[in-house]
Amino acid sequence: MAKVVFTPNVQRHVGCPTAEADGATVREVLDKVFADNPQARGYVLDDQSALRRHMTIFVDGQMIRDRTRLADAVTEASTIHVFQALSGG
Amino acid sequence: MSDKLLVSTRKGLFTVMCDGGHWDITGVDFLGDNVTLTMTDPRDGRSYAALDHGHFGVKMHRSTGNGWEEIPVPAYPPKPEGYEEKDMWGRELNWSTAKIWALAAGGPDEPGTIWCGTLPGGLFRSTDHGQSWEMIRTLWDHPLRKKWMGGGADLPGIHSICVDPRNSRLVSIGVSTGGVWHTEDGGGSWTLRGEGMRAEYTPPEQAHDPIAQDVHCLAQCRTAPQRMWVQHHNGIFVSSDEGKSFTEIKGVEPSVFGFPVAVHPKEPDTAWFVPEIKDEKRIPREGKLVVTRTRDGGKNFDILSKGLPQSHAYDVVYRHALALDEPGDRLALGSTTGGLWVSEDQGDSWTCVTHTLPPIYAVRFA
Numbered sequence: 475m476a477k478v479v480f481t482p483n484v485q486r487h488v489g490c491p492t493a494e495a496d497g498a499t500v501r502e503v504l505d506k507v508f509a510d511n512p513q514a515r516g517y518v519l520d521d522q523s524a525l526r527r528h529m530t531i532f533v534d535g536q537m538i539r540d541r542t543r544l545a546d547a548v549t550e551a552s553t554i555h556v557f558q559a560l561s562g563g
Numbered sequence: 009m010s011d012k013l014l015v016s017t018r019k020g021l022f023t024v025m026c027d028g029g030h031w032d033i034t035g036v037d038f039l040g041d042n043v044t045l046t047m048t049d050p051r052d053g054r055s056y057a058a059l060d061h062g063h064f065g066v067k068m069h070r071s072t073g074n075g076w077e078e079i080p081v082p083a084y085p086p087k088p089e090g091y092e093e094k095d096m097w098g099r100e101l102n103w104s105t106a107k108i109w110a111l112a113a114g115g116p117d118e119p120g121t122i123w124c125g126t127l128p129g130g131l132f133r134s135t136d137h138g139q140s141w142e143m144i145r146t147l148w149d150h151p152l153r154k155k156w157m158g159g160g161a162d163l164p165g166i167h168s169i170c171v172d173p174r175n176s177r178l179v180s181i182g183v184s185t186g187g188v189w190h191t192e193d194g195g196g197s198w199t200l201r202g203e204g205m206r207a208e209y210t211p212p213e214q215a216h217d218p219i220a221q222d223v224h225c226l227a228q229c230r231t232a233p234q235r236m237w238v239q240h241h242n243g244i245f246v247s248s249d250e251g252k253s254f255t256e257i258k259g260v261e262p263s264v265f266g267f268p269v270a271v272h273p274k275e276p277d278t279a280w281f282v283p284e285i286k287d288e289k290r291i292p293r294e295g296k297l298v299v300t301r302t303r304d305g306g307k308n309f310d311i312l313s314k315g316l317p318q319s320h321a322y323d324v325v326y327r328h329a330l331a332l333d334e335p336g337d338r339l340a341l342g343s344t345t346g347g348l349w350v351s352e353d354q355g356d357s358w359t360c361v362t363h364t365l366p367p368i369y370a371v372r373f374a
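Residue numbers (my numbering), protein chains in the order written: chain A, 475 to 563; chain B, 9 to 374.
Keep in mind the hints are simulated off the structure, nothing from the lab.
Treat the hints with care, as some may be off.
To be verified - Derived EDC-like pairs (lysine to aspartate or glutamate); straight-line CA-CA distance at most 20 Å:
hint : chain 1 : residue 1 : chain 2 : residue 2
1    : B       : 307       : B       : 275
2    : B       : 87        : A       : 540
3    : B       : 289       : B       : 208
4    : B       : 87        : A       : 505
5    : B       : 286       : B       : 261
6    : B       : 307       : B       : 287
Let the sequences and hints guide you as you build the complete structure.
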């Protein structure tokens, strides 16, 4: 299962413990994680389920390319980091 | 008379209370976070606070008196596959709540109903104290809605919501920019109103187009709802027919530019404004912060300055940062430079509560 690690800065707003879930893409993994933690979803994704403008996601150290559909591939051994982008200040 | 103010700032929500005639900060919630607006429902005492966490988006919290709890935030419906909509800059318009710009309680006959106006232009209604929200699709899908444009912000937004005290199904909203809109059936259908307003920032042939009007704030008199006041981007306008038509009030000193307007609940001819020099110079004239007040429907204005800084004051008072209490005697105003003042005498004199708050976005009696 892929591991999902959230930025510590979000934790004071909503608890986002490190989670594990199956999936072939970032979308599939995050959908499963947010199904168990629905309040966290809106902190990472916007109303259209795209990545929020000043958030960023890395899969195994590589920043994802598809911020809208989150179609970047993941493997069972992947680690997904959900971070704030520095661009947001 | 309310002894409690909720002051929304860039760095937290401050509670300010009056005790024995003295106003003091008595508490702060969300310290360090950007609180953009609050509304306390006069029907049940619940308070609602809108926050903008930047990276993490816009959030809503509710208080019933014992702390705050996060509640769902109005969310835009899924954009249909293949549907394209550009904003005024040619960028794809994101159907997502970018800001909560208006919160209003529904009528006394509809407990739990809350209206919420947002950027980029969605109007929402909750019938369960904010636990869930429904987008008013009749307005969002109205073909003229796509002619709304950004004003002070890049995106258009709904900043004023007036629920008619005679009939809760009559609701008027103010849009920047997009004029004044009205529903007579609780949001089932909408009409663009606001004939008579005039825009200086458009080509001349569009100057009187109601949809081109940059309404900064719309206020409705509680006991004489046919009377509405508008603080507009380039003027002050008054209506005596529920916003169908407006008359421009000219020659107001020191300026007709500003953001907020408040109207007395029982005296429709009495209204307050906070003037800045002009759109391209948004500071008080000569560094003197003043409030203007008319008591005769706009024929004459008092310039009220007693207790307000009259030297090197560069305070800007945003549209939600001038508050009038329920009887219409107490006023409070907060500024972008962190000043907070209260008047007990309809603006004749002001007392500074503090001038060291973070930038103030909204001041509301609770």
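Starting from residue 87 of chain B, check that the Cα of residue 505 of chain A is at most 20 Å away, please.
-> holds, 19 Å
Given the hint that residue 87 of chain B pairs with residue 540 of chain A, does the C-alpha gap stay at or below 20 Å?
-> holds, 18 Å
Can the restraint linking residue 289 of chain B and residue 208 of chain B be considered satisfied, given a maximum Cα separation of 20 Å?
-> holds, 15 Å
Straight-line Cα separation of residue 307 of chain B and residue 275 of chain B no greater than 20 Å?
-> holds, 15 Å
Between residue 307 of chain B and residue 287 of chain B, is the straight-line Cα distance small enough, at 20 Å or below?
-> violated, 23 Å
Given the hint that residue 286 of chain B pairs with residue 261 of chain B, does the C-alpha gap stay at or below 20 Å?
-> holds, 12 Å
Figure legend: structure checked against the earlier numbered hints; the only hint not met is number 6.
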